Structure formats: C-alpha cells, structure tokens
Amino acid sequence: MATVITDALCPFCGCVCDDLTIVTENNKIIEAKHACKLGAAKIMGHHRIKAPMMRKDKHSDFKEVSYDEAINEAAAILARSKRPLLYGWASALCEVHKKGILLAEELGAIIDNTATVCHGPSTLAVHEKGLPSSTLGQIKNRADVVVFWGSNPVQAHPRHMGRYSVFAKGFFSEKGRKGRKIIVVDVRKTETANIADEYIQVAQGSDYLVLSALRAILSGHADVVPAAVGGVSKEQLSKLVDTMKTARFGAVFFGMGLTQSKSRYKNIDNAISLITELNSFTKYVIMPMRGHYNVTGFGQVCSWETGFATAVDFARGAPYYNPGETAANDLLMRKETDAAMIIAGDAGAHFPADSVRHLAKIPVVQVDPYWNPTTEVANVVIPVAICGVEVEGTAYRMDGVSLRFRKMIEPTHPTDIEILEKITERVKEIRGE
Amino acid sequence: MQTVTIKPKKEIRISVEAENISPDKFAGKTEKDILSMEAWMGNHKTTLGELFSVMVEGSGPAADTKIVMDGDFSRIKRIGEGMTAGLIMIKGNVDMHLGAKMSGGKISVTGNVDSWAGREMKGGELIIEGNAAYYLGAGYRGETCGMRGGKITVLGSALDFLGEHMCGGEIIVKGNAGILPGLSNNGGKIVIEGNTSRPGSEMAKGTIIVNGTVDEMMPVFKAEGTEAVDGITYRKYTGDVIVNGKGVLYVK
Amino acid sequence: MELLIKNGAVYDPFNGIAGDKTDISIKDGKIVDKVSSSASVIDAGGRLVMSGGVDAHSHIAGAKVNVGRIMRPEDTRSGIKPRTKITRPYTGYTVPNVYAMGYRYAQMGYTTVFEAAQAIMKARHTHEELEEIPIIDKGALTLFGSNWPTMDYVREKNMDKLAAYVAWGLLASRGFGIKCVNPGGGEMWGFGKNVTGLDDVVPNFDVTPAQIIVSLMKANEMLGLPHSVHLHCNNLGKPGNYKTTLASMELAKQVKPSKDRQVLHVTHITFNCWGGTNWGDFESKADEIANYLNNSENVTTDMGQLIFGSATTMTADGPVQYANAKLLHAKWANGDVELEDASGVVPIFYARQVSIHAIMWAMGLELALLTKDPYKVLLTTDHPNGGPFVNYPEVIALLMSNKKRQEEIKTLHEAVHKRTKIPGIERELDFNDIAIMTRAGSAKVLGLLDTKGHLGVGADADISIYDIKPDQIDPSVEHAKIKSAFQSAAYTIKGGEVVVKDGQITATPMGRTFWVDATVPEEQTEIMMKDIRMKFKNYYSISLANYMVQDAYVTHPKVVKAGVIPVEVS
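Chains as they are written, first to last, in this note's numbering: chain A, 1 to 433; chain B, 1 to 252; chain C, 1 to 570.
Some clues are possibly wrong.
[Claimed, not checked] DSSO-like cross-link-like pairs, simulated, lysine-lysine; straight-line CA separation at most 30 Å: (1) B:K189 x C:K326; (2) B:K29 x B:K122; (3) B:K246 x A:K234; (4) C:K157 x A:K181.
Since the hints were made in silico from the structure, they are not lab data.
Small disclaimer: the values here were computed from a predicted structure and weren't measured.
Between the sequences and the hints, there should be enough to build the whole structure, so can you do that?
The following block contains the structure:
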C-alpha cells in the first residue's frame, strides 16, 4: 500500500523546499516528486551504515558491535579528552543541536559546525556589519534585480531560481523572469552566468577591490576609481552601479566564490556595506546561499543557547568564541584536538589535508547514517536514523525561516538524539556526576 | 624590585590559558603563591606550578615586577593580559593574545607571537623581535575599537588584518605586512617598512605609512600629490572616500 | 506541596494591601486561604513581599533577538558565567542567551514576561527560544499591522474576516495578542519607503495607518482578547512624533473595550514623545502624553526607560532601524518577512553627555511621575531598546528617589535642564506604586489579573521577597539599598516553588507559554481561509501546510480562551 505525504520538506540544501510529494511503500520511499536531482538522491538514500562498528586502531578492520558498546567507547574517548571537538551538525535537526551543545558543556568541548568550511566567514562579516536581509518570499514578490555573486544556483541550489529568485512570480513581480534583470559576478562563466542578462568577470581574488570600487562610485567618488579594477572596466562598474541603484527591489545572493577567496570574510563585509549603502537609494537585501539544509539552524540554536553562532569553546565552563582560535580547523591544524566526534557532517571529505591527517591520528567517533570519508578516519562508528526523512524536527532555511520536517518513514536505527543523550549520561557516570 | 623567572617544565601541545602570568598578578607574591595560580590546559584546570618552574627574587609592586620567561611558550596564551605596569621579557615564542587589553608596562619577545597580540591594547609597549601572526593590535569580533593606545614594534613581519579597527596608538612593522592592514581604523598610526597589500580600507581616521611596495591599492583613495615625512618623500592619499574618511596613507 | 510565607510586609495593590503584615498560603502552585500545619514556612521577617514581577513588553525571544546575538559577539562576551550543577552558562548583556534571560528575570523577582513582537511566519522560531527560557511564564504578541490580509480586510471594511484572520493568526503563531508596529510602514519598507503619518495611504493596499489601528482595535474587542491592541506608533524615532502618538491615542475613543481594561496600549513612550522638529530643537513632550493619560480612561502605556550604556535596538519598525544605522554609522540587520512585516536590529550606546540621550533618559521618568495613575504607565525599558531589563532596579530607585534623580542629572548633558521637566519634578513613588507598575498594572494591561499580578486566593503562587523592611527604610535617601534589593531577590517563588534564594538560582522548572485561542464561527474562518489559501498559492514562499506553529513547539501551554462576542462598536 502506497502512502503519500504532501508538502514534505527536502533535507538537502539551504532552500529547504517544502512542496515535495513523497510516496512510500512498505517503509521505503519510492518517489520524491518535485524534488531536484540532488534532493531526490538524498531522500531516496544510499550507502547506509548497517550496525555500530569499532576498531582498535585506524589500520584494523571494523568489527560490528552493539550500540551499548559503541556508546560506552565513544563516551570513554570523549570523557578523557582535554581538548575534545564536536563537529558537523549541518545535516541534523535543531533538536539534535540542543543535545550536542549540552554534551559540549558537559565535556568542556569545542563545538563547531560545517559553516567553518563554507559560510562561517559570512558570520564573521555579520559581526562587523550586520545583515540587511529578508525572507525569500520578499524577493520572489518584489525583486527586479537579482545578483548572484560567487554563487551558482544552477548547480548547487537547483530550485532556488524557480521558487524564489529568478523565474518565481509574485505580487509585484507577476512577469517572473521577464520582469527581472539577472546579473552574475564570478571569476568564471558558470552555468548560472549562461542564463543571466549580464555577466561580470572578476579576476581571481579581486572581489574585495571590485566591491570597494562599486561603493566608491555609488557614494559619488567615481573620480578616485582607476580605469579598471579587478579586471573590470570602470565603465562596466559604473553601469553596474546604475543598474543596481535604479532597481525597485534588489537582492544579492553570495556563495563560496566570495567567502572562500582572497580576503575571505572581508569580501562579505564589503558586500554587506554595499547593500547597506544601496538602501539609501532603493531597497536591497543580501543573503548567503547556505549549503546543507540545516547549517543555518545550527547557527540559530547555538546563538540562543550560548550567545555565539558557532565555534564555541566550553573548555572553561563558560562559552568562549573566537574563530581563528576556536574553530575546528584552527585546532586540528595545530594538532591540539585530542579526540573528536564528527556528527552529521563530513570532516573527512571537506577539511584541509593537514586537519584530516591529524584526525587520522586521534580517536574519532562518527555518528552518521552514511558511510563517507570520515568513516575512514573513525575508531567508533555509530549509525543513526536520517534526520528529516526518518526523524521529525526543525530546520532553518537559508533565510532563517524555520520549518518542521515530518517523518516520511519509520527509522531502522536510533536517532542522533538518543545516541547523544546516552553518551552524555555515560560521560556523567564516568566523571562521577 | 621583584623578579620572577619562568621556565617550561615540559613540552606543551594543548594550548594553555595563562592570563595569570602578569606583573599585576605576581606582584608581592611568593613562589608558592605563583606555583598554585590557576591555568587551563584545554578543559583541564591546572596550575602554573604543574607546567612551569618558577623562581622569585625580591618583592615589589607591579611597576617594579619583572617577569623573565625563558623557553618555548608557543602554546601559552594570554600572557600579560590586562597588565597595567611592570615588565615581561620573553626569550622564545608565544601563543595568542599576548598583552591583550594591556594598559601599561612593557612586554618584549625575542621570538614569534601568534595572532591577536596587543588586542584592544590601551597603553604600554609591546616589542616583538620575531614575526607576528594575524590581527596584531586589532579588536575582538564585533567591536568597533581595536588598539586604543600604546606602541607595538615588530622587527619581523606581520600577517593579515594588523591594526584592524585601530583607534589610537602606534604599530611599527619592520618587515612586510599581510593584506588589509589598518582596516576600518579610526585613529592611530601604522608604519610598515616592508611590503603590503590593500592598506587602509574603510579608514575613517589615522595614518598609515608604507615604505615598501603596495601590491594592490584600494580604489578608494584620493591622490594628494607628494609630501615629505621625516625627510622622506611619499605619495600622499586620503580616504577612504566611501566613509568620508580623513585617514592619510603615505606610500613611498 | 504546601508553603506558608509569614511576617511579610505585603504590597498587593490589587487586593488593597499596602505594607500590612499578611501571611500567604500556597498549595499546589496556587495561593489559597490557608494551609495545614505541615506546610513548610518561610519567615519573611518583615521584609517586602510582592507578587512575582510581570513584564508586558520585552524582547526575549525570536528571530530579531537571535540576530542581535549573532551580530554582537562583543555583547555576548560580557556577563558570562560558567555553568553550575543547577544552571547553564549565562552570556550577554543586551542580548543574553536564553538561560540568562530566565535566570536574570527570576533573580529580580520576575516570573512572567511577554515577548513584544513575532511575525507569524517566524513564530516557530520565537517558540523554540521560549521553550528554552527557564523558570518564567511567557507569551508572545503577534504582528498584524502590515500583514496583507489585515490591510485587505481593512480596505474592504470586512470586520468578520479581519476578526477571523486575527483569531487564525494567533493560533498559527501561538500568540497572545495583537501587536501593531508602525502600521502600514512594514509593507512600505518592502520597497524602502515608509508612512509619515496616520493618514498616509499605503500604496497598492489603499489603507491608512489610522484605519488599520481602528480596525484592529475593533477586531480585538470583537474577539474579546485578554489584552488590547499593543501599538508601536508611526513616526517613531522622529522629532515631533508626540503629535502622532497623541493622535493614535485619540483613535482609541472610537472603540469600546469588551473587558475592564484599556482598548489601546501604546508602548515605549520614551521613543514616541519627542518634541521639536529636528535634532537641534529636540525636546521632551512626555508631559503632554502624561496629561493626555490623566484625562482619558482607555489608553495605557509603558516607559521604555533609557539606560545609559550599551543597548541593542530591535524592532519590527524596519525603516526607523535603517535611519538609526545611518545616523550612528552602526552595523545594521534587516529582516523583512514576506506579506507580514519588517524588522531591524542596530546596536547603540547611550551616553550621558549626548544631549538627545540625556533628554530621552528624562522622558520615561517624566511620563511615570507626571501620570497620576500608575496603572496607566508600566515599568519597562523596552528591553533591550532602551537598555537591558536587568536595569529595572535602577529605574525603580529613580522613581522612588528624587535625590537619586538630582544626583544623576548633575552628570548629564545640560539639555536635560532646558528640554525636559524632570529637574523640577519632586514626586517620589512608593512601594504600592512600584507594585502596580511592575505587577498589578502589567497583569491588568495584559488581561491576566485572574492569576497574575496579585496575591489573592486563586492567583498563581508567583511571589518575590526583597531584602527591604519597608517600615525601616527611606527610599528617597537609601536609594542604593532599594536598587540592590530589587536586583537580587531574597526569594523568588514560581508556581509555589522556591527558584531563587538570596539572589541565587535554586531550581529551574519550565514555565508555561500563554497563548490565546479565540473562536470564530467556522463558516467565517472558512470564508477567510479561501483568501489565505490564495496567498499561499501565489505569494508565500512556503506551503500553508508548513506555516502554523505545531504543538511540539509549545510543550507547556496555557491556553486562554476568547472568541467572538457581541460588542457594540461605533
């Protein structure tokens, strides 16, 4: 008997599309209608870890163990650590994050999420300049100029353009794509650039200079701007400023092309200032194109629980925050981390080589539904149910709108929450609390 | 006059937060007092005595207290934090936040210092014979003011974002500086003897002098011809025009 | 569980008790007539006893509060306290973490706090945070002033649909009442513009702020909601705005209350009683507002007192926040919500020697001291806009001591002498007045007097005991003692349980979340829902099925029933 779930949420990217129709039969998902290829692949599942596993050292083969054994060993590893790291979280629900923060407090650990290798720099820029933004529907209903800067939704956020930013029709934008000017700024001509009305090629690592030049022109100081900045002619820059400031409602979506290139978070800092200044002329908003579906959620939960968005160090019992010092890679690169739990995020695949090499030397606990490169450096592997598919709960879309995932099928494994609760309990026992 | 000599007892891998190493904290204290002072190695609460050998000669107020540190302190953070007087002489390398928030006294280091040395410094002097890492004399995240007073001298080079949000004081770097020195500064003076890139972005007030080459100039400065400073002729720029800045950038 | 509080100097204005030695009996979380001899006993020893504090306007939870945290790590790093066996870590001053919110309110003897603004679409977030705030009871007011359905129904003069929408919106957001911020301005900020007065027409929707306010007041009274419309006036943050505030108050005359309370609560007067035409001739017109309040019966207010030092302004008033950011050269977060409202967050530092700030400091105090009836002016700082709520004891001390005010005035910009009336105001409030402004009055304004704001039989056993012996202290002289006693309650009892002793947290039970379930004839809702479904199909970026706050986010609900009742509206 097939069961149909309508208005289901997609646990893949930061778009968190909530219009899927999921068809299940015998506790299996057989169809994910309306989902993009990336979302459908995630929902339909792949490479699940069957049972908990452990191994003595990183060169031995894994041996299947019971959940209790794996949890005890995980707790023992973390409890004896002086500089434990709890990393990942972006593919887990907010309810999991709360348990993770509690465990970090209990351990005196550092807790950090995958933003550290994607949009973490954006948060650093928000500390400097704030964030003039809006919900995505505001853009859908109003935007007539949309700029993708260092972001490529065609490949990374396939339904973003249809639902929110390019083709979407709304109250003041009944013409959809025809009523919008789409501009792509990037170092290379992306697929998104191919469908844009205008493409501006910036020389590698020059975004910061280009943003400053735009701000100088906007503020009436075109005279100080040289003939070309960052590979873009002054004429082209002036034209872009004109287009931007004569919009009725403009939106800038930026991606890792901006956060991870030269000047890093200062690029975002500069872009936010440009947007702020454009608001003296017309309405503008800016938004990071967040990757994992609930990377935004971790930042939200961590902020209300600890006051800081990510990279929180509980070593001394009180939260301390200073990315550059307390982020996952800051410690791994310095070989300070002496034990790690990687949960709902894949450090093995996305961290710099030096960090991964250090992970390969220290005890690592992995909590995840899937086999991935982190499994290769783990000592204890604890498989869990898939958040957003087998577990209900909360996620925050890239614009900070929270949504509740319904359960699509029954889980075949315990949830992250159960595992974290048990590890926390066991840690308390070990420490005699 | 009180002299406190500190040497590491063992190699330290996990950084230690040791804000107690300061003339203000050591003044008038005995060896025993100092050995039992708190320090944190990760989540492990420990004492200075567990990590260091400590020798005390004499006794005196902070202003007459000299701390001599000999050895590798490259994993010891927050030395001299908030110090108001006295002297710290370090023969070796040190970790982050050296002399953060200090308002008086003097710290000298023969080796390298990690990031955030002189963070939010208000006064006193910091002399670094080796290199400095990121955010030398900068602020804490989100704050509008970094260094407010005092003087930092680096004989080697410094990495990115030196003097960010600087509101006063002076930073001199004999070697090169990374990108965006003096970013969003609102006062103070930065002298870079070597090369740098993108200096003075968003500067509202303050002075930056670059004696080496500027790899990339920010397109936000008004050229004001040439001007001589201490007998050297510089190209003079004012800006950042975006923020109606009154900052002055001199490039040789 | 039985508890007896003996020998307290009780101030319970709602029940006419003013300093009498009265015993209070508690059983199962409620105040009762008497308890058995086996009840545990707290001997108050002649110290001041009041019902638990009630705050009707504070920003404690939700999207903009969290944006404040994210953009202000420099604030978060102040006020940090490590975890203990009982408490989670505290962080922050103007934007504390959820734990510090609950603990610090409880430590001041407060037990009930209302979040002043949530957009329906972001209400889930508000409740996620409310669920994590320990100890205190809470609720959240829901924004309706720029919502497209609101404006459509106001234009169509369809009060049935408007009432049905409000009832449904409260359910969807698990909200407690109607908040209306710069009505119409939220929509106009969608294109970077704003309304400039009560009679401006909102483009595309063809309604005026005045029409929105009056219609929402009527809907509020049709539904018999416990609280009235809670208004953040148009033109906030602009010199001369006191005229708009007075004109908004005057609108209340068009509507009759369905209950024994105001029909309009005008909030944070410190930001709405500005005279002058620019920053040069800026002056306080708080006396004009007080004068109006002294001659009317259907409007209440709160102070929004300014506190010198760091603050974080946060409001659904998007355009005023952009103006602030530009004026102050400060970082700026904006958070417009599709089809509903706007919002902005900007840090600020209030300085004693800045004339505008010195004048604003006087405004809240003038309002409270010149308004005769303390039921009409609640004590707030519009946390964290005027300053953080932890400064309420400072405000209490200022209200009770002219000496303290005069000492303060000496440290302020001279403009406080010429542009305000505060130097010449000698009135000093007493404990009874303070109990009204922080308890009985707030509960009355919110419509919660059945269980909150007093110590009569049947009330919730929320009680605070302060280390002050009212018959042995002269607050006018010993204002420092008053301040420190109110900062750190000797006891806070929440629902019959001791949660604070000698200023320290002793227990962290979860409080409840109040929300209003207002019933409307089903067919009325169904007709309205046709419009709503169309709006989701065409304009919202999420599905209707995923819009409403689910029960999972309100695990300790306290549902207050209301609904359409026949009421005469003019």
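Proposed proximity, K234 (chain A) with K246 (chain B) (alpha carbon, max 30 Å): holds (24 Å)
Satisfaction of hint between K122 (chain B) and K29 (chain B), Cα-Cα up to 30 Å: Holds, at about 26 Å.
30 Å Cα cutoff - pair K189 (chain B), K326 (chain C): holds (27 Å)
Holds or violated: K157 (chain C) to K181 (chain A), with C-alpha atoms at most 30 Å apart: With Cα atoms ~38 Å apart, K157 (chain C) and K181 (chain A) exceed 30 Å; violated.
When the structure is compared with the earlier hints, a violation turns up for hint 4 alone.
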